[in-house]
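Protein chains in written order, with the numbering used here: chain A, 1 to 138; chain B, 1 to 372; chain C, 1 to 177; chain D, 1 to 101.
These are computed hints drawn from the structure, not numbers from a lab.
One or more hints might be untrue.
Think about it this way: if two alpha-carbon atoms lie no more than 25 Å apart in a straight line, the pair counts; the simulated BS3-like pairs of lysine-lysine are [as the list claims (entries may be wrong)]:
1) A:Lys42 x B:Lys100
2) B:Lys86 x A:Lys37
3) A:Lys36 x B:Lys90
4) D:Lys26 x D:Lys88
5) C:Lys25 x C:Lys98
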Amino acid sequence: MTPAQIDGLMPIVMLMGIAVLLFTGGHFVSVLLAPKKPSHLKSTPYECGELPVGSAWSAFNVRFYVVGLIFIIFDVESVLMFPIASVFRELNDLGEGLYVLEIFLSFISILVMGIAYCWKKGDLDWVKSYQVSLKNNK
Amino acid sequence: MNQTLVSYLSQYEFYDILLGLFGMNAGLLAFTIYLLFTLAIVGLCATIGGLGTYAERKISADIQQRVGPNRVGPYGILQFLADGVKMITKEDVMPFTADKFLFYLAPMLALIGVFATLAVLPWSSGFMMADLNVGIFYLIAISSLVGVSVFLGGYASNSKWSMLGGLRGASQIISYEIPVTISVLSITLLAGGMSFGTILSHQQGTPINWFLFHNPFAFVAFFVYFVGALAETNRAPFDLPEAESELVSGYHTEYTGMRFGFFALAEYIEVFVVCGVGAALFLGGGNLPFDVSIDIIPLQLVQVTVFLAKALLLYYVVIWVRWTFPRLRVDQLMSICWKYLTPIAIFNLVGNAVWMVMFNGKSVADLMFGGH
Amino acid sequence: MFAQLLFLMSALLTVGCAIAVTVTKNIMHSCIFLLGSLIGVAGLYATLGADFVAVTQIMVYVGGIVILMLFAVMLTGGKDFVSRAQNLLGLAPAMGNKWTYATGLFVATVFLLTNISLMMNISQAYPAKNFGSEFPSTVSAIGKLLVKEHVLAFELSSVLLLGALVGAAIIARPRKQ
Amino acid sequence: MMGLTSYLVISLILFVTGLVVMLSRKNIVAILLGIELILNAAALNFVAYSRYVTGNLDGHIFSLFIIVVAAAEAAVGLAIVIRFFQIKETIHIDEATQLRN
Numbered sequence: 001m002t003p004a005q006i007d008g009l010m011p012i013v014m015l016m017g018i019a020v021l022l023f024t025g026g027h028f029v030s031v032l033l034a035p036k037k038p039s040h041l042k043s044t045p046y047e048c049g050e051l052p053v054g055s056a057w058s059a060f061n062v063r064f065y066v067v068g069l070i071f072i073i074f075d076v077e078s079v080l081m082f083p084i085a086s087v088f089r090e091l092n093d094l095g096e097g098l099y100v101l102e103i104f105l106s107f108i109s110i111l112v113m114g115i116a117y118c119w120k121k122g123d124l125d126w127v128k129s130y131q132v133s134l135k136n137n138k
Numbered sequence: 001m002n003q004t005l006v007s008y009l010s011q012y013e014f015y016d017i018l019l020g021l022f023g024m025n026a027g028l029l030a031f032t033i034y035l036l037f038t039l040a041i042v043g044l045c046a047t048i049g050g051l052g053t054y055a056e057r058k059i060s061a062d063i064q065q066r067v068g069p070n071r072v073g074p075y076g077i078l079q080f081l082a083d084g085v086k087m088i089t090k091e092d093v094m095p096f097t098a099d100k101f102l103f104y105l106a107p108m109l110a111l112i113g114v115f116a117t118l119a120v121l122p123w124s125s126g127f128m129m130a131d132l133n134v135g136i137f138y139l140i141a142i143s144s145l146v147g148v149s150v151f152l153g154g155y156a157s158n159s160k161w162s163m164l165g166g167l168r169g170a171s172q173i174i175s176y177e178i179p180v181t182i183s184v185l186s187i188t189l190l191a192g193g194m195s196f197g198t199i200l201s202h203q204q205g206t207p208i209n210w211f212l213f214h215n216p217f218a219f220v221a222f223f224v225y226f227v228g229a230l231a232e233t234n235r236a237p238f239d240l241p242e243a244e245s246e247l248v249s250g251y252h253t254e255y256t257g258m259r260f261g262f263f264a265l266a267e268y269i270e271v272f273v274v275c276g277v278g279a280a281l282f283l284g285g286g287n288l289p290f291d292v293s294i295d296i297i298p299l300q301l302v303q304v305t306v307f308l309a310k311a312l313l314l315y316y317v318v319i320w321v322r323w324t325f326p327r328l329r330v331d332q333l334m335s336i337c338w339k340y341l342t343p344i345a346i347f348n349l350v351g352n353a354v355w356m357v358m359f360n361g362k363s364v365a366d367l368m369f370g371g372h
Numbered sequence: 001m002f003a004q005l006l007f008l009m010s011a012l013l014t015v016g017c018a019i020a021v022t023v024t025k026n027i028m029h030s031c032i033f034l035l036g037s038l039i040g041v042a043g044l045y046a047t048l049g050a051d052f053v054a055v056t057q058i059m060v061y062v063g064g065i066v067i068l069m070l071f072a073v074m075l076t077g078g079k080d081f082v083s084r085a086q087n088l089l090g091l092a093p094a095m096g097n098k099w100t101y102a103t104g105l106f107v108a109t110v111f112l113l114t115n116i117s118l119m120m121n122i123s124q125a126y127p128a129k130n131f132g133s134e135f136p137s138t139v140s141a142i143g144k145l146l147v148k149e150h151v152l153a154f155e156l157s158s159v160l161l162l163g164a165l166v167g168a169a170i171i172a173r174p175r176k177q
Numbered sequence: 001m002m003g004l005t006s007y008l009v010i011s012l013i014l015f016v017t018g019l020v021v022m023l024s025r026k027n028i029v030a031i032l033l034g035i036e037l038i039l040n041a042a043a044l045n046f047v048a049y050s051r052y053v054t055g056n057l058d059g060h061i062f063s064l065f066i067i068v069v070a071a072a073e074a075a076v077g078l079a080i081v082i083r084f085f086q087i088k089e090t091i092h093i094d095e096a097t098q099l100r101n
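Hey, can you work out the whole structure from these sequences and the hints?
As structure tokens, this is what we get:
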């Protein structure tokens, strides 16, 4: 990008600024207009009328992390594939399509090996609940 | 960057007149033009988002043979304004156990992430605010802020329903980002570039030139994209993060008044954005079905109309799907993403790459009718 | 003009959020400030003309690493977010006694002086006016570099990611007992 | 204002804050957070030098791979943290005293 082209990023910054202004502005108007009658019971966390027991911030199942893990690896691989995909047509017109296809396919095949492994090991199954027993693990 | 709004407008005569008015200060003029257009687009998208809520209720009423909102304005069309006023005047309740900083921040992050995607949306061949080199890639990247905001919204409330909804929502949004990204990758491969200008320039002319009909793999990629986009915007049948029957209201259970309104606004605008991106990537965007050699402003407005028509058609399908299909279970949700959509998307990507090499980048129509 | 403004905003976001990461006691807030800092770095990349790297930064960090960190914080028993013990003047979480701080201060001063002298040299050699060469389109250039010169690194990175996926899945997967 | 030096100063501040986070925290996730800051400082330096000194795109490629490696590092590092928590029920770094249990 040339310095002149950086000016083209102006709308992005503006839109982000508008989002912040809209949020603060709406909040300000709401503070002015809305009634304010706080009570202790009103500001308890909603649990269908029962008083909540304990905090919601407790340890969760590790399945969520495994999903995030598979996601981030795929995310990074797709990031690396984007520039190759953008030049694919150009290089194909130059007659180097087969060479780029080889690189592309070997890259994807390694990616597929990763998902095949996780599939086989059951990381993609949600229901097969992992019985995490902390006491037994010690 | 191929082209910006200002560089597009600078080919017209009135640009020079405006430049004279601004004392030859091109930077100030660019700032003014961008500011006007961003405000216009935010206004337009907020209206579309607001009308989206109205359309949702009206269409659902139609499907379920009810009447739907019909009191405010003609046919109840001003219902969304009434809803907005109601939300502003509602009391702001925050759980005393909540993480106050993150509780404020979460809706703002959602709003920032969604608004920032509007900058690259291709309204027409000329009216693109910024036709970045990395256009579609940027759009996917910045919209992942919504995932963070969903998680934070659930976390900060410190309520069990919210926490479960937030965790579910975040894991669903990030999971379905993969099939969407790989489908978009297929289109990048076919177009030979990530900017919307490049993608649209390959789809000019009759609908047979759309990427939807480029080859069988691209045809399937569209459906993978559409299903993934439904899930990424938490729309039914993938609305598990806010499943009313199990999680009360999911990650925004504790949100009231204005902050809830901003979450809803962000969600409805995001649905419009993914529909617009689907229209631009697969359905030819604002391209007109006949050859347009003269480039005048009214023709651009016609293109904007065509783009909006395609995007809103997809928007209608999204709402239609919502009121037709039952909600999925969590295990079905995950297995659909990782065992069906992602392998199909990867297969499509490989198929597209092989197709490009085998037929030298020609589409089915080119092969049949001998075009190009 | 806008480039300077963008630089200033990104730099303030980066530095401010980075300092906030160090002084925040709540680990969840630290993660969010890290997010702000990373977005600021993406803005800095944009001012350097590296549009692809900037978007990659947002995609991988904001969409991936930060969410993974938030998950990890939640999974490691969300209660102990706030570190209470051993604060530095009640401002920032810290550990060690006064000798640790004295040694650290000394090392930091030496480090800072060395760096300042280095940077003075660099700023004389490469004045601020020098914009270097311009890259009209980094994406296609990076794509060509990745399939030509850096093809080995490209393929090896996929092996690295496969290894990371398999290894991390084995480690994180709960044992059946 | 925008010169090589200013980028280097920002990168230095990022590096130092990352180092401080790494050294002063006892929470393992926070230590990983510091590592991310340090990696970002390095990547920023690469891109800045590529713009002002070498004039080619090799610096971009370097920072791209730094980001890739950072992602892999975070994935494995956080997996270890979670496993550690499952065994010890804490993520205090001082508890990590054994190579095997």
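When you check the alpha-carbon spacing of Lys86 (chain B) and Lys37 (chain A), does it fall within 25 Å? Holds - the C-alpha atoms of Lys37 (chain A) and Lys86 (chain B) are around 17 Å apart, at most 25 Å.
Holds or violated: Lys25 (chain C) with Lys98 (chain C), Cα cutoff 25 Å? The hint holds at about 20 Å.
Under the criterion that the straight-line Cα-Cα distance not exceed 25 Å, is the pair Lys42 (chain A), Lys100 (chain B) satisfied? 16 Å, holds
Would the hint linking Lys36 (chain A) and Lys90 (chain B) be met if the CA-CA limit is 25 Å? 9 Å, holds
Restraint check for Lys26 (chain D) with Lys88 (chain D), where alpha carbons must lie at most 25 Å apart: 15 Å, holds
Comparing the model with each numbered hint stated earlier shows that all of them hold.
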